[in-house]
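Here's the letter readout for the chains.
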Amino acid sequence: MAGTIDVVFWIMSAAAIIGALLVVTVKDVFRAALALAGSFLAVAGLFFLLQAEFVAVAQILVYVGAISIILAFAILLTRDMGQGNLTQNNRFLVIGGGLMAALFVVVAGYVAYDANWSDRDSVLTDLDVTAALTGQYEESTNSDGDTILIEYTGVDETKAMDGVFADSTGWLGELLVRDYVLALQALGVLLLAAIIGSIALVREPEQEA
Amino acid sequence: MNLENVLLVSAILFAIGLYGALTRRNAIILLMSIELMFNAVNIAAVGFSRYTVPSALAGSPVEVTADTVQTALSGHVFAIFIIAAAAAEVALGLALVIAIYKQRETADVSELDTLRG
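Chains as they are written, first to last, in the working numbering: chain C, 1 to 209; chain R, 1001 to 1117.
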């Protein structure tokens, strides 16, 4: 089963990386936007594999559904520059950018594979979706009458972790309206400010009466 | 599929976004490259969230409390807030691009050098 997951993981990763490469190399801006949507979709697949279902759905709704469409609109509104007259023409810039990107991959990859991630022994090395989906847990109340305590009986920590992720959406909902409620409200204000700002920037100036 | 591979994919995607942001001159493609980098960061956050076990879960018998879950899922929360912030950022950025395009008839960032001394 783990082999299948691996195959799907690498297919999704390859799709995301190829899409991203198309975004930064294709001349036509509209095709770049389409490649970007494909890359976003593949990343959503990666989120599903990582058992982050809510993040995956949010990714599809916000990135694939909204941001790609906004990008398409912006490209259509600035149409005549979409015909490939704005390619990179500075060879040194391309070489420098490529070197920077390669250096980043080497350094970050080295860190990823070399670092001793906290408590290395308990880092989960395999993804057992079946165990996660059937994670055995039961809801109960603690002495304070707190209903969100979930007690695992005789389950090893891997299974417990899987249990957390089996209902990650539910837990996430509780977290967002309890521990992170202030940040959530601030986020709403930020989005409102951004929308008002965008409208103020692009609307036609009113005619003087 | 393990933490290292997830981080590697994340690093590659981030580097591609970095390359695009450094080399492309079209403002809209610049925004797309920045979105790619946001995505890479999200992958790293969710990957860490999935594959590192909070110390509270390392004992046995295991007791999962709300605090443990908060620790375990903080990567997801980060990803969600980053997605929302990126949406706000791209809306504002594209509004700027369109406003500049209406005024200057260009979206080439190398021509926007009004502030050059």
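These are calculated hints, taken from the structure and not from any lab test.
Since we're looking at a predicted model, the values are computed, not measured.
Among these hints, one or two may not hold up.
Said to hold, decoys possible - A short list of chain R residues far from chain C (calculated; beta carbon distances all over 12 Å):
1) T1023
2) K1102
3) G1117
As the list claims (entries may be wrong) - Restraint ranges, calculated between C-beta atoms of paired labels, are given here:
4) K1102/R with A193/C: 18 to 26 Å
5) W117/C with K1102/R: 19 to 27 Å
6) D1108/R with T169/C: 22 to 30 Å
7) P205/C with L1112/R: 19 to 27 Å
8) A1099/R with N116/C: 17 to 25 Å
9) R1116/R with I69/C: 50 to 58 Å
10) G1117/R with L191/C: 30 to 38 Å
11) L1115/R with A193/C: 48 to 56 Å
Claimed, not checked - To be clear about the criterion: a stretch of chain R counts as covered by chain C if any three or more of its residues have a C-beta under 8 Å from a C-beta of chain C, and this derived list gives those stretches:
12) 1011-1018
13) 1028-1036
14) 1039-1051
15) 1085-1098
The beta-carbon is built from N, C-alpha and C at its ideal position, and this holds for glycine as well.
Here's how the hints hold up against the structure:
The claim that T1023/R lies off the interface is violated: its Cβ sits roughly 4 Å from the closest Cβ of chain C, which falls inside the 12 Å cut-off. Separation of K1102/R from chain C is inadequate, the least Cβ-Cβ distance of about 8 Å not exceeding the 12 Å criterion. At the 12 Å boundary, the C-beta of G1117/R stays outside the reach of chain C, the nearest C-beta of that chain being 21 Å off. At about 22 Å, the beta-carbon gap between K1102/R and A193/C stays in the expected band of 18 to 26 Å.
For the pair W117/C and K1102/R, the beta carbons lie near 50 Å from each other, so the given range of 19 to 27 Å is not met. The beta-carbon spacing between D1108/R and T169/C, approximately 43 Å, falls outside the hinted interval of 22 to 30 Å. Look at P205/C against L1112/R: about 21 Å separates their beta carbons, and that is inside 19 to 27 Å. Remark: the range hint 17 to 25 Å for A1099/R to N116/C is contradicted by a beta-carbon distance near 49 Å.
The hinted window of 50 to 58 Å between R1116/R and I69/C is violated, with their beta carbons roughly 35 Å apart. For the pair G1117/R and L191/C, the beta carbons lie near 36 Å from each other, so the given range of 30 to 38 Å is met. L1115/R and A193/C have their C-beta atoms about 25 Å apart, which leaves the hinted 48 to 56 Å range violated. For the segment 1011-1018 of chain R, the stated coverage by chain C holds: 8 residues have a C-beta nearer than 8 Å to a C-beta of that chain, and at least 3 were required.
With 7 residues carrying a beta carbon less than 8 Å from a beta carbon of chain C, the segment 1028-1036 of chain R meets the three-residue requirement, and the given coverage holds. Residues of the segment 1039-1051 of chain R with a Cβ under 8 Å from some Cβ of chain C number 8, which satisfies the need for three, so the listed coverage holds. Coverage of a stretch by a chain is defined here by at least three residues with a beta carbon nearer than 8 Å to that chain's beta carbons; for the segment 1085-1098 of chain R and chain C the count is 13, and the condition holds.
Comparing the model with each numbered hint stated earlier shows that hints 1, 2, 5, 6, 8, 9 and 11 do not hold.
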